[in-house]
Every structure is written in C-alpha cells, then in structure tokens.
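Top to bottom, those sequences are chains A and B.
Counted from 1, the first sequence has number 178 at position 178 by the UniProt record's numbering; the numbering is strictly sequential.
Counted from 1, the second sequence has number 141 at position 141 by the UniProt record's numbering; the numbering is strictly sequential.
Watch out, some of these pointers could steer you wrong.
Unchecked claim - Just so you have them, the derived chain B footprint on chain A, three or more residues with Cβ under 8 Å: (1) 143-155; (2) 272-278.
What the hints assert, rightly or not - Rough simulated footprint, nothing fancy, chain A against chain B, three-plus residues with beta-carbon under 8 Å: (3) 3-16; (4) 93-107.
These are computed hints drawn from the structure, not numbers from a lab.
Glycine residues also receive a C-beta, built at the ideal position from the N, C-alpha and C atoms.
Chain residues, written in single-letter form:
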Amino acid sequence: MTSIRTRLVLILIVTTGVVWLSAIAWIYLGARMQVERVLDARLSESARMVSSLLTRQDISARQEVDAGKAARAAEIAAMHLPYERQLSCQIWAINGGALVSRSEGAPAQPLTDSGVGFSVTQVNGETWRVYAVENRALGMRVLVGDNMRVRDQLVADVIRGLALPALLILPVLAGLIWLSVKKGLAPLNAMARSLEIRPASDLSPLPDRDSPSEIRPMIRSLNGLFARVEAARLHERDFTAFAAHELRTPIAGMKTQAQIALGHGDATVRDNALRQIVIGVDRTSRLVRQLTDLTSTESSAFGHDANGVDAGRTLQTLADDIRQHYPKAAAIAVDPGLFNVTLPVNGALFMLAARNLLENAVLHAPPDRPVACWLRRDPASLSIVIDDDGPGIPADELPKARDRFFRGRNRTAMGSGLGLAIADLALQRMAADLHLENRPDGGLRAELRFPTP
Amino acid sequence: MRVLVIEDDDVLMNGLQVGLGLAGFTVEAVATCADASAALRAATFDAVVLDLMLPDGSGLDVLTEARARQLAAPVLLLTARDSVPDRIAGLDAGADDYLGKPFDLDEVAARLRALIRRAAGRATATSQWRDITLDPAAMTVSRAGEAVRLSRREFAILHALIDRPGQVLSKSQLEERLYGWQEEIESNAIEVHVHKLRAKLGAGVIETVRGVGYRLMETAS
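Put together the whole structure using the sequences plus the hints.
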C-alpha cells in the first residue's frame, strides 16, 4: 500500500469497527444476563404470588379448587410482564396429576415434569423457562413459564437499538477519520510538494522551524544530504576551475613559443622555442596524468589486493621507471630491508602514493645525491621513508604543501602542485598517513606510515 | 622600451622574454612576488606584464603595493582567471589592461606599445620629431618619407630620445633601457650606437650634453 493516508484510514476504520463489534458483543452478553436474572426473579415471584393467592382465596377443599379464581390469579401474574402472552401459568394437582387451571395461551401439556425450581423444557417445539412451586397445603403445583423466544426477542431489540445508530454513524465516522488523517498528514504533504517543485539544482536547506517533531529528523538528514552534495559540487567546481587555470598557463607558454618559432627565421631562436615547447608538452601531459590520478583516487573504489604488495619490489619498479623518465635527475636507492615486506593494501593506490613521492624527491634532489628509500618499524606503525637532499619545504609552507595546486617557493619546473595531494589522498584511502618533515641536515623526509594491525 | 615580466611558468616566461625581445622590448623576467617587488623598487620600467597566480602570493598584492609606492608604469595582467569579476578586481587594483591565457604574442606586444604610448601622453601609434617618423610596432624609422635602416639598439636609443623630446637621458638610463640585467654591456656601447645613429640620420639630431647624457637638438642647426 503506497499511500500513508489510505493505509491510516483503513487501519483506523478497521480498528474502530472491531472496537464497536466487541462493545456490541459485550453489551449483548451483559444485557442477556441481566434480562435472564430479572425475568427469572419475576418468574419465581409470579409463581409464588399465584401460590399465595390460591392460599388466600381460602380454597379449603383439596380437590375443589376454584378454577376460575385460579385462572384469574394466573392472568394477573401474566399481566405483570411487558411482552404480552409471554408468560404462561399452569396449576396442577399434585395427586392425580390433573390440570386444575391454566392461563390463556398456556399449553395444555405440563410445562415441566421435574420437581420445584427453575428448569428449561421443550413444549410443542417452543423453549420455555419454567419455575415450579408446590403448595402442599392445597396439594397443588404452580408452574409459571416464560417463552424463551420472547426473551431472545427482548435482548435482540436492545442490541438492535444500540447497533442501528452505530451502523448509521460508521460512514460519518469514516469520513471524519479521512478528514483527520488528511489534516494530520498536511505537514508531510507540504514537504513532499516543496520537494517535488524544487529544481534538481536547488540544494538550499528545507525550512526546519515549525515542522512537526516526527518529520524533523527527516528534514534534518535531508538538509545534511543537501549540504554534502552542495559541498561536493563546490569542490568539483573549484577543482575544475583550478585544473582549467593550471592547464591554460602551460598552453599559453607553448603557444607563445610556437609563435616565436613560426615568426623567426633564426635557427637558434627557433630551436630554443621548439625545445621549450617539448618541455611544455611534457609538463602538461604530466599535469593531465596527475589530474586523472587525483580524480580516480578520489572517486574509484579500491579493494584490498588479495596477496598484498611487496613494498621493495614495487618501489624498485617505480624507481626504474622514474629513472627512465628523468635520466639526468637523482637516482633512487631502495634499501634491501624493504624487499619481502608485504603490505596488505591496494597495489594501485600504493604505486600512486609512492610514485608521486619518489618523483617529488628525485625532482628536488641534486642530481648527484641519490634519494634514499628505507623501512622503519615502530611499535604502532610501519613506515616507508623517502629521504632527499633537496631544499625541503619552508616551515610556513608545510601545512599547505598537500593542498591541490599548491607550488611552494622551492618548486621545480615540472611541478604541478598535485603530487603531494595525490600521495596524501591515496594514503588516506589505504587508511595510512603521509608524514612530511624537513630533515635536520637538510632535505625533505616523506614517510608513508601504515598502522600495524 | 623596458618591460618587467612577472610570470612563474618557465616556458611561458621564456616565451615572453624571447618574443617581446624580438618585438623590440627589453625584457626582465621574475617568477615570484618578492622578486617582482624588489625589481620594481630597483629599476624603472616602461610597462609591467603581471601574472596573477604566483607561488608566493597573488600578483594583485604586488600591484597594489607597487601602486601605493607611486609606480607609474602601465600594467598588463596576464592570467588564466579571466572571468568578469576577476577582470574587475584586477583593473580596480591598478592594472591598465587584461589579457586571458592563452594569448597571442603579437597582441601582448601591441597592447604593451599602446599602454606605453598612452602613458607617455600620446594617442598616435607613431612618434614624430621634426621630419623623423618612428613606428614602434613595425620598428621602422623614416626621415622625410625615406626609410632609414637602424639596428635594434640604435632604434631603441632613438625611440627613448623621441619619447622624451628635450629631456636629457644619461648613459646609464639608456643602458638600462637597452639591456637586460644578464646582458654584458661594453663600457662604450652607447657611444658606439649614438655614433652610428648620427651617421645614419645626419648631424643635428642627437646632441651630447657633456657630462650628463644625450638629447634631441633643441633647435635645428
């Protein structure tokens, strides 16, 4: 069922109906019991009354009962009850079993055969409630019977009187329930409507004040979601703007050099310009590669590699690759202690972080001072340390060094300001840390710190 | 015409240095805000080409600070951030013109010439002194309608003198306009160039003020 309103209305109508029905059942049983009690009391009272009337009429003869008087007494008893002809009275002689008298409409057969007190019998297909009293002095048995059909009708009338208005009220009640539910759900409807008409680009928060406490958590979590989406969108826009800016500068440089090469006949000038264009293309393609790395590190899902990563082998592969790219730059010395150290991380992320840190070190270090790469085990962590003999990072720039596109004062021509950002992000995604510090004897130390499990 | 280029991208900086040099400018180039401020304090420039994003801060700060120190030279902003608000911020900070990256090298040169011309209070593209016409864009000089072939240095000296008629320019002022900081200057270079200019334009154009420098003749001889 998709509509809360329909659901709520149905539930309310069904529960109300059940409550009504149980109330009616209860009233039925209660009424029946009360009616039985009252009518039984009347019955016994009537029987005793007839018996005492017979005595007081001074009917002395045992056998000669004045049938007419007895009948009158029975008639009087019968008139005490509201439903006509419901009460029947018979007077029988104890000895001989002859019917002395009976009230009008009373059956000719004895209402009961059993002794005295209450009993239920079937006479001529009708059910009777009978009270029997024996008048030993007169030798007579007085039987007063109540027709059960009439009794049932009485109870049914009571119930009908109750149920009929209820049945008439039920549709009105259903309507009222419908209206109440509609009214009660109005804030939810209003929110749904405001969400429906809002354009996809609108990420402003929903109004939180005056909203019912039930939907406030929903509004709050929606607003939280809006805020996160907005932040992500701003971040993306900033990043795109930055990336565009970072690309336009080298493109401007290459265009300028191309124009020099085109417009100048001098071979030296032209060759220089072309060489500059090559440098520009190298730098720009590195920048593009790093931008791609950064976005994929940010957005892709990286699982753990089943076998982990052999730190030494990976670093050596990277070192050889970097050597090929920058043959004139400093070499990388991978410490033998790193081999056969297996890290339980994603290989692609580890390569990304290590490559950017190694490239950074190589580009900053003097060409004759190799970059050292070694392993340090601490109680809580396992660190791959990369030491270079470059200029380091000025202390005031250290906090900003991982910002995207941040290129400090000690920047290199190849630097894009993205290397540390990528390394930092990749390590974060491996639940590891990037630690940067200036070494006391000069140069930068970059550590990839993996917490030991 | 001496121009300071403030740009941190090596390839672009080199391109501007070479390209503007070929267009007849003497170009100094620096890459940081600190170097830019130092250069602007140390020497006078006819124009400044400024990038906004520098490694140690914003080019706008350099501009604001230099304008506060009464820097008169026109400033051309070169930047990748060329949205309207960025342009407005740049112009309000004291820039005279704005070019978005990537730009055309010839346009940079043309805009610089226009800025320098207007800063000198002239509206025409060519400079005129008596019957000598000097066209900075084409780097040509003509006398009485006839073209005079000048070397780059000779042209620069004549250009400097024609821009300030009647004003005496010292040898060191001329050297500053002609040579970049890294260039080796021979001690008598200016004298040699002036001598050659006189030979090409004839006497009665450049006058030597003894012990001070050179200027255009006050009156025709």
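Going through the hints against the structure:
| no. | hint | verdict |
| --- | --- | --- |
| 1 | 143-155 | violated (count 0) |
| 2 | 272-278 | holds (count 4) |
| 3 | 3-16 | holds (count 9) |
| 4 | 93-107 | holds (count 7) |
Hint check: a violation occurs at hint 1 only; the rest are consistent with the structure.
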